[in-house]
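Peer 1: The opening position of the sequence shown corresponds to residue 3 in my numbering, with each subsequent residue numbered one higher.
No lab work stands behind these hints: they were computed from the structure. Every clue listed holds true.
Taking lysine-lysine and the DSS-like style, the derived pairs with C-alpha atoms no more than 27 Å apart in a straight line are:
1. Lys415 to Lys357
2. Lys744 to Lys814
3. Lys496 to Lys482
Computed Cβ-Cβ distance ranges for the label pairs, DEER-style:
4. Asp517 to Val235: 35 to 41 Å
5. Gln239 to Lys496: 46 to 52 Å
6. Gln702 to Ala21: 56 to 62 Å
7. Glu405 to His642: 48 to 54 Å
8. Leu532 to Tyr289: 53 to 59 Å
9. Gly37 to Ser318: 27 to 33 Å
10. Ile156 to Asp29: 21 to 27 Å
11. Tyr289 to Ser318: 19 to 25 Å
12. Cys640 to Ala350: 49 to 55 Å
13. Gln748 to Arg812: 17 to 23 Å
All C-beta atoms, glycine included, are put in the ideal place defined by N, C-alpha and C.
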Amino acid sequence: LTVRQHPTFGYYYPQDLLAIPVDNYEDVERLLSEGIQNRTIASTNMNRTSSRAHTIVTIHLDQIIQIDDDEIKRMSTMHFIDLAGSETLTNPGISGDRLNERTNINRSLSTFENVISALADRSSGVKQKSFAPYRESTLTKLIQNSLGGNSKTIMLVTLSPADVNYHETLNTLVFADRVKSIKNFVSINEVAFDKFILQLKEENQRFKLLIETGNYNLQLDVKPSMSSQEIEVIRQQTEENINGQIENNEKTLQDSKLPWDVKLQHAQLEKIYSLMSFKTSQVDHTYPFLVNLHEDPILSYVIYHYLSTDEITIGSRNCTIYINGLSIFERHAIIRHIDMNKYELSPAEPTARIKVNGYNLNGIAYLQHNDRILFGANHLYVFCNPLVGQESVSDISKIITWEYAQKDIAKAKGLLLADNTMIEQEDLEQKVLNLLPLISEANLISEELNKYRLFEIILIPLSSWEGIPVQGSKLLVRMKNIVTNNVWFWDDVKFLNRIYIIKDHYQKFLDGKEDILYISKEDDPFWDPLEDVLIGTANVFLQSLMYCMDFADEISIFDHKCLEQGCLSVNLSPCLPNGDALTKEKFIDQPDELLNKPYNFKITINHIEINDEHYSKCLRIRYKIYNEFKFTETKIICQHALRARINQSRIKTIPNIDNNWLNFFDNGCIVLQIFALQDEKKSGTDLFKLTTRELKIIEQNRADNTSIHSNYSNISLLNDPKLKLELTLLHRKYTRLEQKQKSIQQLCRKWETNHDHAGLHRSLSAITFSSGTKLKPTNMENKDNLMEIYLFGKEEQEYLNDIEQNNPDRLKYWNDYYEKLALRQNNTSLSYRVNQKCSPFFSRMNAISFQRPSLTDQLNRTDRLARSSTSKLNQDDDQASNNRTLNPSRLRWKRAIKLK
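Please construct the entire structure, taking both the sequences and the accompanying hints into account.
Peer 2: Put into structure tokens, the structure is as follows:
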């Protein structure tokens, strides 16, 4: 419609705009729905949520008051205005009318802001003569009277709580605050009806006279700097405005001659004809159909495609259902009616992008009622089969929404849990849902421009990303060069900045500017300088430090997908301030004994093994301990081998142990981050003969195979470092408690015939409340594999006194006593060998490497193996118990393992 300016009063109005009489709200609601369905919903490759239009709904209220013989007409106009959001001017897939719409929207919003600013300055007295540029956009022309005229105006603004929209939200609030300062002056629009008709007639006569004489008042519009051509353009526009106003006045005069009842009858007839036309255009709802989904709820469930034939083709040219946009083929998909209520969906091209309920469609899918189908990047539909489902479309629309379908995609990618809850928090879920369509577009543009880039959303534990044991997840966008295998991690803000540049370049490519493919790498949004990449983390658990125990293990390195990327050999040991190791006697039963004392421990990284040769060139490791601010980093390891020796240690000194440190030892860990240096070396020139789309298929197949193998990895229960550590601690406690039990049993036998219970109580108390002292013979050559024998109560006190006095005769006595106890332990006790490598049971357990479909199956197999091993070992021990002359240095011990 052409927007005209009233030649006399200066306000603007759309010429030939249809005004329909109504007398109830139902008619208003029906007309609103009709207007919404008539809005342009052209699909683009940029912002699918944009309706690309400001929406203005105007309701005119006229009140006729009879005063004596005169009729007084009171007029009021209500404008309901929905402003479109600001968008980037040039974006992928937007050209022609769509691009012009986007440009006009941004220009009108900019002009709207300038008008508000000028009116606010004028109302506050800052600039009394501030000029409001209404004429610079159609939007501000139409709402001029609402902003700065005879009007009461209410403005509602929408805000986003997301951190990525912080600046937009802040700017919106500042803008709304300026709107509050505008002051309008309101008066009643009232005029005598006869006088109103007379004014219209006189105005038409005056306008016709102006046209005949050509005496236009151009002084307000003509500037001295204007050329004759510009002046002629203004003259023609003014003449068109005058003619348009004459036509508008004539129409108003004709309408004024008709009574209101007659106007309402005409409107009712138009309504009936419209409904009849609508019914004849409808297809029988017994046919299945596809109905669209849109992020804007108003635009969802608007487009219906009925499957009324046995074969329906979907694509961008010569198809039953026409769709267009990024990655849509001329023939994209086919829906076939098999029999009765069975319909199958298949891609018409091998590489056509189709998702059903979030999962990629690689073959044929039999459609079920309420299936969600995504064609290409942005055409989202729901398949409804009225012959199967009993619910109405309105019922379906309350359940299946655009957000519901996006969650399907997120679940299929493993970004959401199956119960519709987020791995960590709801705002992270919202970020994922917002980024998914953009990630899809970035991948498709990468294919179109052949950039060899693959984008994906990843959720990485905060502990892995920050290098400290904290709860939560970090959302990142991973960009991978599928030729060189180099990767980059971007946060969501950086990706959002890049995606708009990517789309701008793609638009230039569509416009025929192929030189965009050969720009420098600094100007290429798909390029980023290489940086060290985090290939994985290894967690070192610290429970052994609570008991002053050494611990050594090879700890697996896991990446963000929980895939094993290698292992680290790490030693963790309590030590003296100079790094010397503590003796085994420093083992404690209760961690509380460490409180309010200084403590030192040493962490040593021995060597590293990496599975992927791509990351074996240069490596570095960093970590923090507890509340440290700076990372401790190893030297850069450039051995160009899958296995590299490191041998770097660090001593950590704690001046005073408190409960926070004990809690860290018990529940925390040291997170070792492993970084690899990347280079630009290409993995093979033959890969450049393939397109990005072909390489992505290869990459997807490789990822699928990796995922399958990772589900059935050869992992033994005893390869868990935390489990190993807990097992060692439990064994050490078990050995001591077992010997304490034997001491109590011997004491009970000794006092069996003695009724001096006071003495028995003193002896029992001495044993019970003693932590025990390890008996160490002085005549044994190899002291590493000594049997752990502890003394309690009276014996413990005597032994400690003799050690302090260094009496040779008493030391010889204790050496003989050790051999006697060791022989007795062999014959009558159940024990456990500390050195796991020497234990037949642990040798067999550590050799376990089987495919495990579930943890339960592995536990069952481990249980059976433990039972058979225990049975065999006990048989060996029974045989050894009959040999009384066995050398104590080659003792075998009977083992007991309680299995549940």
